[in-house]
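In order, the protein sequences belong to chains Z and E.
So the number in the working numbering is just where the residue sits in the first sequence, counting from 1, plus 102.
So the number in the working numbering is just where the residue sits in the second sequence, counting from 1, plus 102.
Calculated from the structure, these hints are not laboratory results.
There may be inaccurate statements among the hints.
Copies of the same chain look alike in the list, so a pair counts if it works inside one copy or between any two.
Stated by the list, open to error - As a list, the in silico PhoX-like pairs of lysine-lysine whose alpha-carbon atoms are at most 25 angstroms apart:
#	residue 1	residue 2
1	Lys332	Lys695
2	Lys383	Lys465
3	Lys720	Lys151
4	Lys671	Lys740
5	Lys720	Lys739
6	Lys470	Lys221
7	Lys720	Lys706
8	Lys739	Lys706
9	Lys319	Lys633
10	Lys311	Lys720
11	Lys383	Lys516
12	Lys260	Lys497
13	Lys706	Lys740
14	Lys147	Lys671
Every value quoted in this text rests on a predicted model; they were computed, and no experiment measured them.
There are 2 protein chains.
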Amino acid sequence: MPYGYNGKILRINLFTSDVKVEEPGEKFFRKYLGGRGIISYFLLKEIPKGADPLGKENKIIFSTSIATGAPVPGFGRHSIGAKSPLTGFYGESESGGFWGPELKFAGFEAIIVEGNSPKPVYISIKNEKVEIKDAAHLWGKETGDADDLIKQELEDKKVKTLIIGPAGENLVRFSGIAHDLTHYHGRTGMGAVMGSKNLKAVVVRGTNKLEFANSEKLREIARFFAQNFKNNADNHGQHNHGTSDYYFGAQAAGSLPTKNFTTGYFDELDYDADELHAKLKIRNDGCYACPVRCKQVFASEEPYKIDPKYGGPEFETLAAFGSLCGVSDMFAGPKAHELCNRLGLDTVSTGVVISFAMECYEKGIITKEDLDGLELTYGNTEAMLKMVEMISSRKGFGDILAEGAKRAAEKIGKGAQKYAMHVKGQEFAMAEPRAKFGVGLGYAVSPTGADHLQHEHDGAFDPALTGYSHSTDDSNVFLRALYPMGLLDTVPSLSLGGEKVQLFTYLQHYWSLFNSLDICIFVFEPVRTLKVNHLVDIIAAVTGWDTSLFELMKTGERATTLARSFNIKHGLTREDDNLPDRLFSGLEGGVLKGAKMDREEFEKSLTLYYEMMGWDRKNGVPLEGKLFELGIGWVNKKLR
Amino acid sequence: MPYGYNGKILRINLFTSDVKVEEPGEKFFRKYLGGRGIISYFLLKEIPKGADPLGKENKIIFSTSIATGAPVPGFGRHSIGAKSPLTGFYGESESGGFWGPELKFAGFEAIIVEGNSPKPVYISIKNEKVEIKDAAHLWGKETGDADDLIKQELEDKKVKTLIIGPAGENLVRFSGIAHDLTHYHGRTGMGAVMGSKNLKAVVVRGTNKLEFANSEKLREIARFFAQNFKNNADNHGQHNHGTSDYYFGAQAAGSLPTKNFTTGYFDELDYDADELHAKLKIRNDGCYACPVRCKQVFASEEPYKIDPKYGGPEFETLAAFGSLCGVSDMFAGPKAHELCNRLGLDTVSTGVVISFAMECYEKGIITKEDLDGLELTYGNTEAMLKMVEMISSRKGFGDILAEGAKRAAEKIGKGAQKYAMHVKGQEFAMAEPRAKFGVGLGYAVSPTGADHLQHEHDGAFDPALTGYSHSTDDSNVFLRALYPMGLLDTVPSLSLGGEKVQLFTYLQHYWSLFNSLDICIFVFEPVRTLKVNHLVDIIAAVTGWDTSLFELMKTGERATTLARSFNIKHGLTREDDNLPDRLFSGLEGGVLKGAKMDREEFEKSLTLYYEMMGWDRKNGVPLEGKLFELGIGWVNKKLR
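So here's chain Z without its partners, still in its complex pose:
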């Protein structure tokens, strides 16, 4: 057995009930690693052109990486991918937690699920024992109830669960997959793909041990992390407040997505992080092998009952159900979070489609009558929470919004399209591109559509945002973090152009590597406690490979290119790498009032990005030479 991984991929056909184990060999795993690398490889090879994302030709892949389960912070994540019902292109969503390491301990790297089951089922894996079990009694259940029932049935409270809620069963195009209820695969509608396959859950229990090439080195790095993460200024009080601090930080910076991205400042925000946490937080939760425990568990009885078994909201959720919908009620976001997790919805897309509907309502494009009497104004908490349930159950107008902002806008007509904040059909995440133009480029070219985990987006490398613009001391962590990549100069946030696109492209390779290794950006983002070269050391210590940052960056680039190739095969053109018009007109309020992107600069930068990626200038089709350069010459046959 190689170090760090088992080398086994499970292939389960839900139609025939066949279960197979494939062992593609060490070079395969070294080339594709896991997560995005493995998912994009199989999706590109196996999903036929024109396949319906909710049809039997789609496949859904659950993948860890060669290093998942290493006893180092950040190595506890896993990815789920399929052709996305939201975008029609490459779909993928990651989460932290424990499921990934558990699958490794069971003896597998990944699971490819193909075919549609004729009746509701769930997959149970206990070490080498793989079962397709009846799920008739689970169908229609909220995630929490299904979780309880599965654990009772298996008589195992330690089993790690991936479960869809009613939203997934109802094929809501942005439905997600709950992992142990508190972690979540939100983006790209993977819940609907499980729903379309009558697959309620995938649960796993593993009791084997992984062997590592250099366990002492791993322990040393874990110790270094434990001793240092709290001292790193950029860890943002992760343990104390998780990502919720971003909500208030973005407000101060004028970059808080507010009222469907019309402004970057939410006038009515009248509480702060301390107050939020004092009123709602009951404890911390965390992920495999990580001492940070950055997840904030919220509970409340009033004004809404919030059940702590669903964990608590991240920044994205607080913003999507707060400022974005003009909702100042501090309990509303946490309640919406709980609702989405129970029902199986992506909080980001759900918040955006509701804020979209709110803007349409405010502008008279949709009316109270369309909404069965609901007054869907900005700030109407009750209507917002009601709409979450209507989307999940596809009741009334919820059925239209359940299609996602893009399709809903097309259905609504009357100019609604211009208020649908999406790329490729996937709704914006909670980073305002007009505050960080690189985020705009990231939304435009991310293979999954607008997404917050596909590229750097917190502006940490902009001296203007980090306050180091006039510092002559470039020994500070921010400016030096990217030196190992040869990125020696910072670039202003409010810019595009060649230098920004270089920074963006290298970091996209790196983020793609994160999603191929299934590791956490909060641990490995370059400015954090563990540096770029720590990652190289860890992969070497896990696997025993004589590897390098060059090899690793290339695996990141390779995975992005595979996902791009999947998209090209499935019909993507330059038109799909577009941004909504709103980004090219000024933000309406806050310290960045008036900030806007420039269409011409954006188009020019998009072309520069294509050129940097080795894609053709016109539609971003990977060039024959580039595919060979990345060691994936086989992809040429899929594209030309």
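Based on the hints, put chain E in the right spot on chain Z.
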């Protein structure tokens, strides 16, 4: 002062006698490193389009790197570059020895020499003291005599010298520069550039110490090397025989350039390495901080007097004045070596132009009359040696050959062009492309024209050549050497196509890095004792930089792209990346009889290479996006 280097570049104007010191700062040195990186940077910025390589607009740059002088084997080289009088494109030539470290100890990284001196001069540097000294008494002198005179005049036997011979003074287009007489800058005609500037020599003496960030680590690596280099099978008995073993190895492999590249097997070769060394070798010589001492000093009284002060021939010289000219006399190559070093000629180009003339003679294209009675047949040792002198002095037909094979062929006419084995005007080195198609691609795209130090060319990564083709044990050093670059598969020598071009391109980046760091391929070629990641460790230990193989590979790619950009600026098109027709017809003898390249496959691979490099498909012009990707957006202004 930063670790490892001084950060100072000398700029000397020979016309005005101005001497300036420039300090471009740490980021400049980190981005361009030295050697090719620094030379291509300044040549591209400063040499105007259309400049005559032998005119006053040309500049000649002598460069070390940020790590030259580190107490580790392989770090004792330096580079000399200018617009080449041989090719009209980017010119550069490297050598080992001691001059580079000496310049560093004097306090400088590089010297830019501009303007032409009205009268013969030489440059003397002793630490910070820089003098332009009269060289009237040195002009016309052979290198050895000039070396003696300079040392007498300076009363310093330890001064390190770069000296041109009569060939350089006579502007022979492939004249070189001798370094301490035994080392040599052969390729691309740098001697003629010095000659055109009336610059006889550049001598240097430095007594300062360099500081390193982690001297203990450097000592550790040096110890590792000393303990292991002899055990590495691929070190080819370097200490005992130097590169001369290649001569006999290539003969056995059928890849020995013979009779102007008509065949790969020299029928009349009737001695072996042991006999050669028994008869000629008197001692070993070596380079700075290197325990290998791979240089073989030859001496002889009969049949020719061979003066050991000029060292001894490498493989390239033995072949160029042996099999290539059909000369089986084992003393001829060593004698020609001595002659070329004395007179200041590149042994490679000299051998090739003579073998070209021999083929023309054999075919009746040139006659005894053209040659003042010389019977220039294959195998005529006396005529060959005579022609070396005629070229140096530009006497008779030597004046035509002194222009290089390309120009000579044009002048001769009568179809002579097809026997001129050159790319971009520079003569082939002694690797037969039909035995390793990657060498053909390397000759075609090397910025300096056909050259042996710009790309991998010994076929070590082809299992067919290394004898590992059927081995299932890929733990062996050959197959694993490139793993840190993500190159997991070997590729057959007699092939081009996507996989080969990927291997070639990555290794070209690495070789370009070698020439930017000014390090020795015999130490750092991936299959040697020090591995790819040792190099990263060394650069980190020298400079204290948190660097990586990614950053270093990008500096290699950047330097290649700068040199390419220089060539584009100076008129290069795809036509210049061409190979002689001979390579597309079969080798005439030896075990590879009949082996040939395929024109269509070559053209397709050339396009794939352009695409991999981020250059346009048509003429290989670096794309705007690629230049930004490499952090050299400024180059766009030079190209478009």
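Check your understanding: Where does the structure disagree with the numbered hints, that is, which hint numbers, in rising order?
Key -> 1, 2, 6, 10, 11, 12
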